[in-house]
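Here the protein sequences line up with chains A and B, keeping their order. Residue numbering for the first sequence follows our numbering, beginning at 7 and increasing consecutively. Residue numbering for the second sequence follows our numbering, beginning at 7 and increasing consecutively.
Think of the hints as simulated: they come from the structure by calculation, not from any bench. Be careful, since some hints might not be right.
Claimed, not checked - Simulated crosslink set (EDC-like; lysine to aspartate or glutamate; CA at most 16 Å straight-line):
id : chain 1 : residue 1 : chain 2 : residue 2
1  : A       : K599      : B       : D100
2  : A       : K435      : A       : D228
3  : A       : K303      : A       : D356
4  : A       : K303      : A       : D228
5  : A       : K423      : B       : E57
6  : B       : K162      : B       : E90
7  : A       : K527      : A       : E598
8  : A       : K249      : A       : D200
9  : B       : K130      : A       : E598
10 : A       : K599      : A       : E655
11 : A       : K435      : B       : E57
12 : A       : K499      : A       : D326
Letter by letter, the chains look like this.
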Amino acid sequence: MAPLRLWLAFAIASVLMFLALAISPVRHVFPEWKSIQKQYNQLAAERYKMGQDVRPVEIGLRQLWNPDLGVVDRCTTCHLGIDNPELRDAPEPFRAHPTTPHRLEEIGCTVCHRGQGRATTTEAAHGATKHWESPMLPSFYVSGSCGSCHRERKPPETYTVASGRRLIQEANCAACHKIPGFSLERKPGPDLSDIGDKVRPEWLYRWLKSPFDYLPESKMPDFHLSESEAAVLTSYLLTFKKKSPEEAAAGRQWEQALLNASDEEIEFGETRYRELRCVSCHAQEGRGGKLGPDLGKVASKVQPAWLVSWLENPREHYPDSIMPQYGLTEREKKSIAAYMVSELVDYDADPDEDDKILELIPEPDRAVMAEGEELFRQYGCAYCHALTGHEVRGEFGADLSEIGVKDIDQLDFGNTKIERSLVQWLYTKMKIPRIFSPDLRMPDYHFSDEEARQVTAALLSLTGDNIPPKYLPPSPDPPSYSPSGPFNRILEKYQCLSCHSIRGVGGEIAPDLTREGSMAKPEWIARYFELPYTLRPIMTERMPILGLTREEIETAVSYFQLVLVDDSIPREIFLSPPDRSMVETGRRLFYEKYGCQACHQVNQQGGYVGPPLDGVRNRLYSGYIYEWLLNPQRFIPETIDPNQGLTPEEARAITAFLYGLPPAGGSQGGSR
Amino acid sequence: MTHRPAPSHRAVSNPVVRALLAGGAALMLACGGPGGGGASAAETPAETAPEATQESAPLMQFEEANGFEIYQRYCLVCHGELGEGDGFNAFNLDPKPRSLVDDYMRTRVSDRELTEVIRLGGRKRGRSPLMPPWGRTLGDRQIRYVVSYIRLLQRKAQAAAETSGEEAAETGQ
Numbered sequence: 007m008a009p010l011r012l013w014l015a016f017a018i019a020s021v022l023m024f025l026a027l028a029i030s031p032v033r034h035v036f037p038e039w040k041s042i043q044k045q046y047n048q049l050a051a052e053r054y055k056m057g058q059d060v061r062p063v064e065i066g067l068r069q070l071w072n073p074d075l076g077v078v079d080r081c082t083t084c085h086l087g088i089d090n091p092e093l094r095d096a097p098e099p100f101r102a103h104p105t106t107p108h109r110l111e112e113i114g115c116t117v118c119h120r121g122q123g124r125a126t127t128t129e130a131a132h133g134a135t136k137h138w139e140s141p142m143l144p145s146f147y148v149s150g151s152c153g154s155c156h157r158e159r160k161p162p163e164t165y166t167v168a169s170g171r172r173l174i175q176e177a178n179c180a181a182c183h184k185i186p187g188f189s190l191e192r193k194p195g196p197d198l199s200d201i202g203d204k205v206r207p208e209w210l211y212r213w214l215k216s217p218f219d220y221l222p223e224s225k226m227p228d229f230h231l232s233e234s235e236a237a238v239l240t241s242y243l244l245t246f247k248k249k250s251p252e253e254a255a256a257g258r259q260w261e262q263a264l265l266n267a268s269d270e271e272i273e274f275g276e277t278r279y280r281e282l283r284c285v286s287c288h289a290q291e292g293r294g295g296k297l298g299p300d301l302g303k304v305a306s307k308v309q310p311a312w313l314v315s316w317l318e319n320p321r322e323h324y325p326d327s328i329m330p331q332y333g334l335t336e337r338e339k340k341s342i343a344a345y346m347v348s349e350l351v352d353y354d355a356d357p358d359e360d361d362k363i364l365e366l367i368p369e370p371d372r373a374v375m376a377e378g379e380e381l382f383r384q385y386g387c388a389y390c391h392a393l394t395g396h397e398v399r400g401e402f403g404a405d406l407s408e409i410g411v412k413d414i415d416q417l418d419f420g421n422t423k424i425e426r427s428l429v430q431w432l433y434t435k436m437k438i439p440r441i442f443s444p445d446l447r448m449p450d451y452h453f454s455d456e457e458a459r460q461v462t463a464a465l466l467s468l469t470g471d472n473i474p475p476k477y478l479p480p481s482p483d484p485p486s487y488s489p490s491g492p493f494n495r496i497l498e499k500y501q502c503l504s505c506h507s508i509r510g511v512g513g514e515i516a517p518d519l520t521r522e523g524s525m526a527k528p529e530w531i532a533r534y535f536e537l538p539y540t541l542r543p544i545m546t547e548r549m550p551i552l553g554l555t556r557e558e559i560e561t562a563v564s565y566f567q568l569v570l571v572d573d574s575i576p577r578e579i580f581l582s583p584p585d586r587s588m589v590e591t592g593r594r595l596f597y598e599k600y601g602c603q604a605c606h607q608v609n610q611q612g613g614y615v616g617p618p619l620d621g622v623r624n625r626l627y628s629g630y631i632y633e634w635l636l637n638p639q640r641f642i643p644e645t646i647d648p649n650q651g652l653t654p655e656e657a658r659a660i661t662a663f664l665y666g667l668p669p670a671g672g673s674q675g676g677s678r
Numbered sequence: 007m008t009h010r011p012a013p014s015h016r017a018v019s020n021p022v023v024r025a026l027l028a029g030g031a032a033l034m035l036a037c038g039g040p041g042g043g044g045a046s047a048a049e050t051p052a053e054t055a056p057e058a059t060q061e062s063a064p065l066m067q068f069e070e071a072n073g074f075e076i077y078q079r080y081c082l083v084c085h086g087e088l089g090e091g092d093g094f095n096a097f098n099l100d101p102k103p104r105s106l107v108d109d110y111m112r113t114r115v116s117d118r119e120l121t122e123v124i125r126l127g128g129r130k131r132g133r134s135p136l137m138p139p140w141g142r143t144l145g146d147r148q149i150r151y152v153v154s155y156i157r158l159l160q161r162k163a164q165a166a167a168e169t170s171g172e173e174a175a176e177t178g179q
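This is chain A alone, in the form it adopts within the complex (with noise of 0.2 Å):
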């Protein structure tokens, strides 16, 4: 025994013990967040010199404390200046809070922007610690906070949560995932039972193997298929085909009629494709419309014969198509697809490797199908396409519900060198699908960077059921609107509600006819069937000339005048016209006072952001233009139109000025 050693280290032990217990409270006496305190304090002695409103504040920890959120946030201990817009250009931890729709006292900062609200340094407050699994989210990144109390697609003021969620939507990705909110009516791609009837062999097999090269906006994600993969699933979709022998006879005869249609006849087809505004859905390398896909090199995808008896009736090879159906005549029918067989070409394409391709696609023998079908059920491609014999149920890929507050130790992140976050973790999954293992089957979308941290805010916006009710903003009543009759058959045959709106349902890219028959005359409505013009020049999407027989025109109007009416709106102001000194105010309020000119076109002066007002009484009644100027946002919430604050008065003189305007040349043509 050495007892004199033992003893003399255990004395050394002892005394230090003593020295660290009587340190360790001096750490409370001076912590971080009272030096900061005291910093800001100095801060706000020489702001104040400056002129600012910048007080001190009392020495102590601060908090927020929300029970029902289960918040207790200390973070004003040291972000003293949160709420002082004096302080927006202070520098950090004193920075004021940019403005958002919320009071800081009513939810506090660890509902948006996460992080461990109860700690008391930085380190760990901010949640850089071990685990503390939900760090503070990167600023950009709070914004996906937003839409977790407020669901709906395009929550207001949250952009990036709506974009991410437009990119959500565009992508389709509820086709496979289950994502609250989202769900599909139907399937997003094209019934491909008949797919062998509609494309040409060496298309498909492009298609497959890089859609983007063949369409940089394609909606059809990047499997990222091997060559093989793609010439086996080519083989296998080919023979799926709904025509008889007899009528593919038929369709082959047909293509040689297309291919060796004269010049007139294509010139014919051209001249209707434009004036029949195609290009409003249907972009040409990439310019136009989005709503169909782009047809530049449509020639080199599908079949003459197909094409022609697409154009007779969308919906009876689709049902579910957004096409409308045409008004059009057997000799319009093969003129435009002549058109299309010889224009619409992909002059990039090379015939040698054409034939390359075609080698390559096997014989769909017994094992070539059977690989086929393997192929189309591993990479879930019957969740998107509808194809017999491939039924679907439940979801293909993972539940996504609560995505946005997943444990990171439940995450894969394969061999990557990434940051162990979840953020980091979406974001590259969204960049490189399947980085995190190869045997992921997730297809690439191709999102930009800005594109990748849109959808990525919106997946943390999913965080399950971790907010009470009563903090959730009251959800609108679901619009209805269910038409039936000929009004209803004309909605369906020309498809009116894929660019147009009735009680809030339809779509957005054309203007809501919810009033209609309030704001504009019967007469200029049907003439604007038979030849709609450009009202508002600055759109990509105009009006098509859809061909309407006088019937339905007939049955579309007197549906307006009757139904889509609203009763507050009068339809004439003026019992007799307007006396001249009135019209003359109201045109010196219209270019001096308020320069409406700016927006508006008359008599070919001034700007185009509005319709130009040129005989603008055969248009609409006066009762919608007054209404109109005294409040644009009652009508189109979203409107350009600036609401001016017209008085009665004013907005009186205002319409009997535009009421007297003659129509530009005389005509109601217009441009276009």
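Place chain B on chain A using the hints.
Frame of chain A, contents of chain B only:
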């Protein structure tokens, strides 16, 4: 929500203090002072892996992103995509819309003045009535967002001018 005084007995969350209380002095010495080493040992990302928060251009933060959306809808038609006063509707206007990104606007016009012009329009500020008042269409918050976005455009324009200036200097040499 109410402010409550912080509880006097705070949970002992600091790992160093906890170690002190639980263990002996030797343990304290071994620990090597506050801070610990665990959290700072984040792995450096692989060079090829994309980064969620890095980009050459600054990311649009909350106010700027919302301002961008509003600017696109209401302002761009005249003031142009980059705020240079060259929107597609500009050539119809006399006087022309103001550039929002020149040095004067960046350095001499305060947030408050910008806000007032947007809110009240040109006429009430002794300028052209062609700039309408937006105060009845956009709320105070929305106008704040737009001002933030205009400031972002100004920073971008300044950065672009500096790089092109540098390039010019380089080619000049």
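Right, here's what the structure says about each hint:
1. A:K599 <-> B:D100: holds (15 Å)
2. A:K435 <-> A:D228: holds (14 Å)
3. A:K303 <-> A:D356: holds (14 Å)
4. A:K303 <-> A:D228: Cα-Cα ~19 Å, so violated.
5. A:K423 <-> B:E57: At roughly 11 Å apart (the allowed maximum being 16 Å), E57 of chain B and K423 of chain A satisfy the hint.
6. B:K162 <-> B:E90: holds (12 Å)
7. A:K527 <-> A:E598: violated (30 Å)
8. A:K249 <-> A:D200: holds (8 Å)
9. B:K130 <-> A:E598: holds (12 Å)
10. A:K599 <-> A:E655: holds (14 Å)
11. A:K435 <-> B:E57: The given pair, whose Cα atoms are some 11 Å apart, holds under the 16 Å limit.
12. A:K499 <-> A:D326: holds (12 Å)
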